[in-house]
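Enquirer: At position 171 of the sequence shown the residue is numbered 171 (this note's numbering), and the sequence of numbers has no breaks.
Because the hints were derived from the structure by calculation, they are not lab data. Note that the structure is a prediction, hence the values are computed from the model and not measured. No incorrect hints appear here.
Below, simulated BS3-like cross-link-like pairs (lysine-lysine); rule was C-alpha separation at most 25 angstroms, straight line:
| id | residue 1 | residue 2 |
| --- | --- | --- |
| 1 | K216 | K274 |
| 2 | K343 | K29 |
| 3 | K216 | K205 |
| 4 | K397 | K272 |
| 5 | K59 | K374 |
| 6 | K153 | K196 |
| 7 | K209 | K241 |
| 8 | K64 | K351 |
| 9 | K41 | K397 |
| 10 | K145 | K196 |
| 11 | K41 | K64 |
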Amino acid sequence: MKKQILFIAIIATILSCKNKEKNITKITKTPTEQLNARYEKLLAYPADSMAFPRSINFKTNTIKKVKSKDWCSGFFPGNLWQIYALTGNEAYMHKAESWTDFVEKEKHNNRTHDMGFKIFCSFGNGLKHEDNEDNEDNEDNEDYKQIIIESAKTLSTRFNENIGSIRSWDFNADEWQFPVIIDNMMNLELLFEATKISTDSSYYKLAVKHANTTLKNHFRPNNSCYHVVDYDTTSNQPRMKVTHQGFNDGSSWARGQGWAIYGYTMAYRYTKDKRYLDRAEATANFFLNHKNLPEDGIPYWDFNDPAIPNAPRDVSAGTVVASALVELFSFTKNETYLNYSKKVIRNLQSKDYLLDENIAAPFILNHSTGNWPKKDEIDEPIVYGDYYFLETLIRLKSL
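Go ahead and model the full structure; you've got the sequences and the hints to work with.
Expert: What follows is the structure, encoded as structure tokens:
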């Protein structure tokens, strides 16, 4: 009898251990599995041309949805294209095609400088991430190319030859004459690519002129950048250097530094102008060596917010810089840049930043900051934070 009891006890212990192992397996997922769980939320989001997902407010539990004219409309289709590139799952490609089509009408919208963000992040990714080897005769590829060229034509209408820049915004006309923001460097990729596709050098030349003007006027002696430079339309010279989304006119808005690093790294890719590479490195070093950059690499929304260390972080700034620094590493072989990007990607896949798989929203990462002065999209998931995170993953994978 005692032997039977002992035997039953041993069997029960073995089964108990196996059950525990099953439970551990059930709740413990690899980073790839956790990311795939988040990717599926993007795939499940229903296609709607009037409801591009931009961010989510957890206080009201509502998704901010925008129309194609919003500067963020290209990021969600871009995210789907990039997930397709990472996973090979064609369901993401088909969903990306649907969302990308919704953006096409923006190719003639001349009321914004954000043509690159809208068109190149969507149609440009379509060109990059479709299986072109199997789709050499794919009509979509030719359509996408023509849309990129048409969009470049539209963006070119905002260029002022005398000032040497593309006008950024049309609002606030009672205060600004010809505002140019550092973000505008990102839209030059559309122009460079339009020249590659069409062989029309006018887009390339326009992009170079804008980059040169920004190089001359947007940067401080410490290698940080201003957000907005407003030009006098009579003298064609800067009349004020201010901010619109930073803490104050003299502060270093984190995402603005990211736009500068990314923009000049990208401009160097197309032009091989050493001045652009030097500028990207100088501002990257300012960013990486700043005393207020947290240990995990995810910056506060502005380096000069006096509320630090209690100021909001900006994951989107971290992902923009991480993506830029992978490319900057490819040109410089400076391991510091690559190590930062790897650290950011590693930390963003932790529970501190990665959205829980049970949250049914089409986003991947939390804790981005949109427009702090207007108290808009503070410490929330924002679509472009996801976009540059995915781009960083692809760039690291390509290494």
